[in-house]
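K.L.:
Sequence lines, in order, name chains A, B, C and D. With the working numbering, the residue at position 84 of the first sequence is 86, and numbering never jumps. With the working numbering, the residue at position 15 of the second sequence is 17, and numbering never jumps. With the working numbering, the residue at position 78 of the third sequence is 80, and numbering never jumps. With the working numbering, the residue at position 131 of the fourth sequence is 133, and numbering never jumps.
No lab work stands behind these hints: they were computed from the structure. Cβ atoms here follow ideal geometry from the backbone N, Cα and C, with glycine treated the same way. Hints may be right or wrong, so weigh each one.
Over 12 angstroms on every C-beta distance to chain A, these chain B residues come out as not near it, computed from the model [stated by the list, open to error]:
hint, residue
1, PRO50
2, SER51
3, ASP85
4, ARG88
Sample of chain D residues facing chain A (criterion: CB under 10 angstroms; computed from the structure) [claimed, not checked]:
hint, residue
5, GLU34
6, ALA45
7, HIS79
If you only want the chain B side, here are some residues facing chain A, beta carbon under 8 angstroms, derived [as the list claims (entries may be wrong)]:
hint, residue
8, LEU86
9, ARG123
10, ALA127
4 protein chains.
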Amino acid sequence: MTVVSEMLRTHPTGVGDTDETILKNCILACLECLYSCTACADACLVEPSVADLRGCIRTNLDCADVCDATVRVLSRHTGSEGDLVRRMLEACRDICRACADACERHAEMHLHCEVCALTCRRCQAACTELIATL
Amino acid sequence: MTVVSEMLRTHPTGVGDTDETILKNCILACLECLYSCTACADACLVEPSVADLRGCIRTNLDCADVCDATVRVLSRHTGSEGDLVRRMLEACRDICRACADACERHAEMHLHCEVCALTCRRCQAACTELIATL
Amino acid sequence: MTVVSEMLRTHPTGVGDTDETILKNCILACLECLYSCTACADACLVEPSVADLRGCIRTNLDCADVCDATVRVLSRHTGSEGDLVRRMLEACRDICRACADACERHAEMHLHCEVCALTCRRCQAACTELIATL
Amino acid sequence: MTVVSEMLRTHPTGVGDTDETILKNCILACLECLYSCTACADACLVEPSVADLRGCIRTNLDCADVCDATVRVLSRHTGSEGDLVRRMLEACRDICRACADACERHAEMHLHCEVCALTCRRCQAACTELIATL
Chain A
3 MTVVSEMLRT
13 HPTGVGDTDE
23 TILKNCILAC
33 LECLYSCTAC
43 ADACLVEPSV
53 ADLRGCIRTN
63 LDCADVCDAT
73 VRVLSRHTGS
83 EGDLVRRMLE
93 ACRDICRACA
103 DACERHAEMH
113 LHCEVCALTC
123 RRCQAACTEL
133 IATL
Chain B
3 MTVVSEMLRT
13 HPTGVGDTDE
23 TILKNCILAC
33 LECLYSCTAC
43 ADACLVEPSV
53 ADLRGCIRTN
63 LDCADVCDAT
73 VRVLSRHTGS
83 EGDLVRRMLE
93 ACRDICRACA
103 DACERHAEMH
113 LHCEVCALTC
123 RRCQAACTEL
133 IATL
Chain C
3 MTVVSEMLRT
13 HPTGVGDTDE
23 TILKNCILAC
33 LECLYSCTAC
43 ADACLVEPSV
53 ADLRGCIRTN
63 LDCADVCDAT
73 VRVLSRHTGS
83 EGDLVRRMLE
93 ACRDICRACA
103 DACERHAEMH
113 LHCEVCALTC
123 RRCQAACTEL
133 IATL
Chain D
3 MTVVSEMLRT
13 HPTGVGDTDE
23 TILKNCILAC
33 LECLYSCTAC
43 ADACLVEPSV
53 ADLRGCIRTN
63 LDCADVCDAT
73 VRVLSRHTGS
83 EGDLVRRMLE
93 ACRDICRACA
103 DACERHAEMH
113 LHCEVCALTC
123 RRCQAACTEL
133 IATL
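Build the full structure now, drawing on both the sequences and the hints.
P.N.:
Next comes the structure, spelled out in structure tokens:
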């Protein structure tokens with residue numbers, strides 16, 4: 003998905019003081035996590051043990067919604083609004099951590115939770131790395 | 003829109019320690035603000051003075067996206083994930099304040115900015131009130 | 003939620019040939035349905051009979067996402083892109099009908115499904131009415 | 003972004019009769035287009051010629067929202083609701099075509115529009131290909 007680098011490079015104002023590689027990684031991680039959590043919620047829903055996976059499904063749905071808003075905010079570079087980027091990244095990092103924790107509890111039984119836990123950890127790390135540069 | 007009260011009242015686990023009226027007001031304010039900011043961005047875009055409204059449009063778009071994620075998180079009551087609700091509400095309160103500030107600057111010239119500024123202030127206040135109860 | 007009327011009335015280009023009351027009703031119905039379906043999915047998830055409600059939850063989630071996109075498209079009046087509005091309204095009408103059908107099957111046992119079914123029927127009707135004017 | 007293949011492969015019910023490669027390509031194309039259109043709207047907004055780019059910005063915003071809903075619907079495989087998938091794919095294909103057309107008109111002057119036009123064409127093609135298999 004080279005489109006993220008290409009859009010960052012062709013934005014008329016550039017990305018300001020933000021590190022382009024770290025920003026790109028965070029955008030990609032949020033997109034990946036938006037998909038992965040939506041798909042994992044659906045996969046959990048058809049498992050015979052769905053009653054044990056309620057917490058995981060709920061956290062998946064929250065995580066998808068927060069990643070969605072975060073990637074949209076990160077895609078705009080025309081002047082930051084105070085601490086909005088930081089606040090969204092903190093919310094995103096925290097829900098990704100919670101979702102990774104929830105998925106890891108079922109990772110041995112459900113391969114989709116194993117995959118989703120890794121995606122959430124990557125997104126948690128990418129948010130943490132981007133926050134550190136702000 | 004009585005559906006919010008009805009859904010809150012019929013949720014099997016209830017809304018826990020959260021004040022139902024304050025939560026309802028915040029959900030309604032976020033829905034209203036999601037719409038208002040999307041519509042205001044579009045209205046600004048067709049104004050002859052669009053070049054002066056870039057900051058307002060950008061903030062409108064961010065505000066719509068954050069309100070969207072916030073209302074989705076607030077609609078789920080099946081166990082909170084740490085501080086997620088608080089973090090989202092803080093992000094939502096801050097972007098609503100920034101968007102109200104941006105719209106107020108054009109409120110005398112553009113009626114849609116005047117309407118949108120009021121909606122953003124209501125949502126900022128509703129988030130602040132809900133945060134205080136957490 | 004008078005903000006919808008106020009934004010429609012203050013939009014610089016107006017809403018073209020669209021009937022303002024019918025458009026307003028459809029925007030309100032989509033916002034209501036976005037909330038109602040997100041909340042109903044969460045409520046179904048904590049029911050003891052969650053395993054019987056999988057189809058309902060899945061349809062709820064699809065319906066919330068389609069209503070979300072529809073309300074955003076309907077909030078922009080700056081020139082229509084071919085048949086996009088019609089196509090989105092048809093998708094929205096169909097998923098609202100499917101979701102109302104799914105919720106009605108459980109309406110006697112689960113009050114939240116009864117409330118959500120009514121919301122989906124209103125949104126289905128509002129989309130149908132708006133399509134008829136295009 | 004190998005996570006799409008991995009989630010499709012580990013979903014408990016599989017993806018039914020759908021061709022896994024074609025579905026994967028469409029999910030990736032929608033994610034890419036959601037990002038690209040959000041970023042292109044923001045880039046257009048800061049161009050000196052923003053007044054000439056209003057139509058492009060509006061179409062970008064619609065396209066991002068429709069791609070977002072489409073990728074969420076495509077991420078769920080637990081039983082299709084009538085023609086919802088087809089209807090969403092048709093809406094997505096049409097708005098991607100309109101957005102590619104709009105961006106191409108400015109592609110020589112604005113590199114971000116050139117990049118975004120290509121992303122929209124890929125998504126249009128991916129939707130068309132998936133529709134053909136339904």
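K.L.:
Next step is simple, just say for each hint if it's right about the structure.
P.N.:
Do the hints match the structure? See the list:
1. PRO50: With a cut-off of 12 angstroms, PRO50 of chain B remains clear of chain A, as the shortest Cβ separation is near 20 angstroms.
2. SER51: 17 angstroms, holds
3. ASP85: 6 angstroms, violated
4. ARG88: Nearest chain A Cβ is 9 angstroms from ARG88 of chain B, so the label is violated.
5. GLU34: 5 angstroms, holds
6. ALA45: 5 angstroms, holds
7. HIS79: 6 angstroms, holds
8. LEU86: Hint holds; LEU86 of chain B Cβ to chain A Cβ min 5 angstroms, cut 8 angstroms.
9. ARG123: 16 angstroms, violated
10. ALA127: Status violated, d = 18 angstroms.
Hint check: violations occur at hints 3, 4, 9 and 10; the rest are consistent with the structure.
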